[in-house]
Amino acid sequence: MGETPEPFVRFKDVQKTYDGEILVVKNLNLDIAPGEFLTMLGPSGSGKTTCLMMLAGFETPTNGQILLGGNELNTVPPHKRGIGMVFQNYALFPHMSVAENLAFPLEVRRMSQADAAAKVKRALDMVELGEFGARRPAQLSGGQQQRVALARALVFEPDLVLMDEPLGALDKNLREQMQYEIKHIHENLGMTVVYVTHDQSEALTMSDRIAVFNDGVIQQLARPADLYERPENAFVAQFIGENNKLIGKVDQVDGDTCVVDVDGYKIRALNVAHEGVGSSTTLSLRPERVSLAPSDGEVPNNFDAKVLELIYLGDHIRCRVSVCGDDEFIVKVPNASGHATINEGDDVRVGWTAEDCRALDVWQG
Amino acid sequence: MAVVSDGAGMLRTADGVPLKQALARATRVNKIKAFLLVAPLLVFILITFIVPILDMMTRSVSSPEVVDALPKTIAELVKWDGTDLPPEAAFAAMAAEMSDKKNKFYLGKAAARLNFQKSGFRSLFNKSQRKIKRVKQGPFKDAFAKIDKRWAQSATWNIIRNASGRYTDVHYLNAIDMNRDPAGEIAAQPKIKRIYVTLFERTIYVSFGVTILCLILAYPISYLLATLPLKTSNLLMILVLLPFWTSLLVRTTAWIVLLQANGVLNDLFVFFGIVNDENRIRMIYNMTGSLIAMTHILMPFMVLPLYSVMKTISPTYMRAARSLGANPFTAFVRVYMPQTVPGIGAGSILVFILAIGYYITPALVGGQSGQLISNLIEYHMKKSLNWGLAAALGGLLLIGILVLYWLYNRIVGIDKMKFG
Ligand SMILES: Nc1ncnc2c1ncn2[C@@H]1O[C@H](COP(=O)(O)OP(=O)(O)OP(=O)(O)O)[C@@H](O)[C@H]1O
Ligand SMILES: [Mg+2]
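Chains as they are written, first to last, in the working numbering: chain A, 16 to 380; chain B, 45 to 464.
Relax, there's no trap hidden among the hints.
Under the rule of at most 25 Å between Cα atoms (straight-line distance), these lysine to any residue pairs were calculated in the SDA-like manner:
(1) Lys355/B x Arg151/A
(2) Lys134/A x Arg378/B
(3) Lys95/A x Pro382/B
(4) Lys134/A x Arg363/B
(5) Lys95/A x Phe376/B
(6) Lys95/A x Ser358/B
(7) Lys275/B x Glu74/A
(8) Lys95/A x Thr271/B
(9) Lys95/A x Arg378/B
(10) Lys95/A x Ile357/B
(11) Lys95/A x Glu180/A
(12) Lys355/B x Gly183/A
(13) Lys275/B x Thr32/A
If you're looking for bench data, these hints aren't it; they were derived computationally from the structure.
Please model the complete structure; the sequences and the hints are all you need to start from.
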């Protein structure tokens, strides 16, 4: 999804404080393209819901502007924004049947009964709940309620749909199935979706782009693969996926790479976000990018290690080793045929390339 | 436990007792425990609530006084056709029973009972008892006629005969401004004696008015209570409950101080020139007084159920409605209000039932026009001592409330009611 000159949603220098003391959202700038599936991902309290509520109109930005299709939204009340919304607890109206819930947005728009009925039926069919129109929300399972909430947010054909942890209350299997269904509906209807979650795997599977929030700041905005493979700072590297973290000092910088001194070991790494020679840096390295027993000269980083713990996980083996003074270093050994057998207490050699080892800033988390 | 031979299908516990029997024993023990736990309360309610109600209900239909005092006379009167005068035998029996010293107590009660039917009976009985004792010889018909000419009227004897049953509907008839004429037919009371129907109507109007006022005033407060942050809402809640912690009399007296002709409110009105000194507004010792004071006193009973229901309504419903395109008003009316119906129902029924039986407040601030049916019940219990009529009036109230309850159950459903 490239940058279009005319974004559909634009946060411009948005700041938000509830109490006048702490900025919950600090200077947010974010452009969302039409038809994009953008996910806001971040730990609890990082300001995701706040951003969504400002977009929906239930909170006002303390400073800055939010634009929708080029129009400033700040003074538009929520019911005139035409934004569909799925709430975490679904917020289905308990005193109305499923069909009445779906008809509600159409009725308040003064659509004729016949048109409304047709749309409700189509929306219910879309989420495969055609038979359930007459039931009350309380008579549905959690997953079914979730789908009704989705259908209700879509039935009036909004161009923008906001979802705040819509799958948070579902069990794992159902969540994965619903992820797929939401993605599918998004592809079919082509609306813009802003999705909030703190489940990283959900974000990685569903999104076009992910905005990683922490502390009211977008730490990185990128496609899922970039986010995982090229984290730009220590927080993102730590937050997304599993990550080996080695802290050291930059010894020297040559072109794209640098040499970092970790506890006396010299490690060659990729320059990403450190502050030059002499500064502290966090080295980030994915466990699956570390190889066991590399032949000499194959990779620039090649160290002695001691196996501390082995966990058998079927498709791979997690191997905790002590290397470069770090006892929490994880190596994922794929369970391929003919791999070397290792045992706890063995002395092994581990190695990795400079490209896979990213020298980032220091994050105190 | 003997082993019973049975089909293969019967399940048994490890020591051979049929499963159902074991279960029944286990549940029986639990039931007995539960019963013992509620037993003290049950006894208390039985003695202080159920028994008095049953007693009053019995009083509302029983009238043993006349037949207890004059059994022989009644036996003769029953044979009489009701026209002209009863036979001499009835007069003779009456004379005998009136002269009987041991009968004095019962005669007094009978006279009181007949006096409710037609005033004057008490004095008639007293006079006749005194005089008939001296008459040793018949014919008693003339003797009675000489004592009082009312004894020579068939109407008098008809009233006695009509009151002779052990059970009567006359209290209930009186309670709806009806009576039996001397011929025993049901007829409306003369106009100036009709008071109860008007009072029932007024009671219902006032209760209804109080309920509506409470609802209108309590709804926004409850909404505020349910939506404000905890710290503020606690303070507000204390203000709402404050009246609960003050004596009823103190509160009512406070209203008198505020509302009377020379009270605070009228003084203010005069001071600001809203009314002039001569025509101060009458706000107390009339219907308005009853309405205001009762609304104030019953308000918490509306606020609490409403609040407890509203507290459970998540604010996301309103947000959802807004995001779906409803303006704040539509969202409130179509999404919020329907969810508060159980609270509205519970609060209304509570306030209405309490209002319909309210009596101290109207007695103190109601004046003439603000009296309610309960004030009349009190009057008949304490002053006129017509307990039968008091019981009948109370019985009608009870029936009215049960009907209301039934209606509510049909329309809203009792299980939906929420008191807090
Ligand atoms: N109505 C409010 N009043 C005051 N502070 C608030 C309010 N809503 C949120 N906050 C604060 O703002 C910060 C961000 O909250 P927000 O709900 O946006 O987080 P979030 O990223 O959605 O977290 P989660 O993943 O737990 O939902 C939190 O520190 C929270 O305490
Ligand atoms: Mg949130």
